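Could you build all of it, start to finish, from the sequences and the hints given here?
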Amino acid sequence: MQAAIEQGLIFGLLALGVFLTYRILNFAYLTVDGSFTTGGGTAAILIYNGIDPYAATAAGFAAGAVAGLITGLLHTKLRIDPLLASILTMIGLYSINLRIMDGPNVGLNMREGQALTTVFKPLKEAKLMASWWTVGILAVVVLAIAAVIIWFLATDFGLAAQATGDNPQMALASGVSTDWTKIVTLMISNGLVGLSGAVYAQFQGFADVQMGIGLILVGLASVIVGNAILGTRYMVLAVIGVVLGSVVYRLVLYYAIYWEIAEAGDMKLISAVLVVIALVISQSQTIRGWAARISPFNRGQAVPEPLTAPELAAEPAEGPTPVDPDPVPGRAGRPAPAGPADHAQKGS
Amino acid sequence: MLELSGLSKTFFPGTANERRALRSISLRLAEGDFATVIGSNGAGKSTLLNVIAGSLPTDSGTITVDGADVTKLPAYRRASLLARVFQDPQAGTAPHLTIEQNMALALTRGRRRGLGPGVGWTRREDFRAQLEVLGLGLEDRLKTRVGMLSGGQRQALSLLMASFTRPRLLLLDEHTAALDPARAELVTELTRKVIADSNLTALMVTHNMAQALRVGNRLLMMHEGEIILELDAGQKRRTTVADLMDRFTSVKGQMADRSLLS
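If you're matching them up, the sequences are chains A and B in order. Note that my numbering has the first sequence beginning at 1, numbered continuously upward. Note that my numbering has the second sequence beginning at 1, numbered continuously upward.
Just so you know, these hints were derived from the structure itself, not from any lab. Warning: the hint list may mix true and false statements.
[Claimed, not checked] List time: in silico SDA-like cross-link candidates among lysine to any residue, alpha-carbon distance up to 20 Å: (1) A:Lys-121 <-> A:Ile-45; (2) B:Lys-72 <-> A:Thr-76; (3) B:Lys-143 <-> A:Lys-121; (4) B:Lys-72 <-> B:Leu-56.
[Claimed, not checked] What the simulated footprint calls covered on chain B by chain A, stretch by stretch (three residues with Cβ under 8 Å from a Cβ of chain A suffice, anywhere in the stretch; the number is not a length): (5) 89 to 98; (6) 106 to 118.
In this text the structure is predicted, and so the values were computed from the model without any measurement. Built from N, CA and C at the ideal position, the CB exists for glycine as well.
This is the structure we're talking about:
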């Protein structure tokens, strides 16, 4: 089970990257499958060639960020739809990844009889892999990165990035260069995905050109499951929820195999079904209302906040719906602002 | 403060749907001028605001704000000079961000946004003081998501966000049209107050002739992409809604005749 939690934490970095695109930028986004391998492949080939594993891991982040930059430029400068831009980058990266690794895979255990050094070497030597020690160390590292993201999103630039996804018209009118915020956020997002790939390659002892396939679903599942558990009302909980969601996801897979409900080949199907279930749950008013009653964190989402503010003294007496004195055809009578329950599921 | 010269904009040029939204518009607003713009649908009022704000490119003509030629600048780079309130109460604020975060975005409008905290203690106190002016109790709800607010509250907040940084030019695009009468009245009063308090230069598009006469010191009537009537403060005081209606109908009649003859 520790191994499942370790994997969950490592993929938590990927999920954080997906969170930045899917929730913050409100993008349907698929480059993840490619940039994870780019990060993993870059780190692996560098380690294989004797580079310090920490530097190699950082290079994995940078390689992922470059992938994000490319998608960002395709979308903002060439005006390609984000979904298509992300697919184009993902497909293109497959060939790039083969070039980076100079083949379909790179082993990280031995080279010419000599053990290679990865970031997990000290833990391996101490025979602490798949122990609570590794879980604890990974948890500290991943949560520290989550804290950096929480900080980032609360800065002036972070708020501009959030506004870019939330209301692009307002962002532009506020002087936000939405092209720039999108590019930077995509770079950070894919950097995290690349970092996740770099750590995971070292964790499993090799990088493989196939290692990223289907991971967008893993990321989405983590984001949706995590946000369903901890809500999206508070950014701190939303971000931590993403890491938690990744761990929960891994545990579900682990127990599915442990209890012999599924076999290894069923993983992708389970991923897809889990995303469907999580999406249905997060959209169902009934279940959300029910979750809001039992969860201390979800309250603000499903239960409307009482509107206590004193409206102007001239508040109209409740009667027939007031008629706009000078209606604009087709524009007047806008629906009231969406109910609070809708806000938690932005982009879902 | 604002100078437009020869602004033209044609939609779908060269097609059967060609529509000349602006025909060589020239206009000069002095510092502190508050002009209201009226006209029927399709007169070009919103196009005029969109062109000034940079949401639409012009076909020809120049736009100068506070001495700076902004004709070629993208919308986000004009934001340091001008601020805008949209008709749709949902358009001017980010619904998933809190009131204070929205205020922070307004505060940094047109400035470089770095990695400083978006809402620090000093800013929060400032926002609280600004929100008190609205008299809606929003100062006690700084951490409420804006999506939770009513349309009137959101529009009042949008107005405050557009004005408290004292932009050189304030653009109001039928910003009370989507509200019920009481809230429209509230937002109109707030508009008058913030513009007077900060001595802002403003251009307000409205469908409501009474409102157009009541606020501001100048009035412009547009029809088919042209400014067909300009009233200064004195003329505006002597004009009634009925006068405007007459004027409007006669112009429309003339236009109809002209188009029949041509």
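Verification of the supplied hints:
{"no.": "1", "hint": "A:Lys-121 <-> A:Ile-45", "in the structure": "holds, 17 Å"}
{"no.": "2", "hint": "B:Lys-72 <-> A:Thr-76", "in the structure": "holds, 19 Å"}
{"no.": "3", "hint": "B:Lys-143 <-> A:Lys-121", "in the structure": "violated, 46 Å"}
{"no.": "4", "hint": "B:Lys-72 <-> B:Leu-56", "in the structure": "holds, 11 Å"}
{"no.": "5", "hint": "89 to 98", "in the structure": "holds (count 9)"}
{"no.": "6", "hint": "106 to 118", "in the structure": "holds (count 11)"}
Hint 3 alone, counting from the list given before, is not met by this structure.
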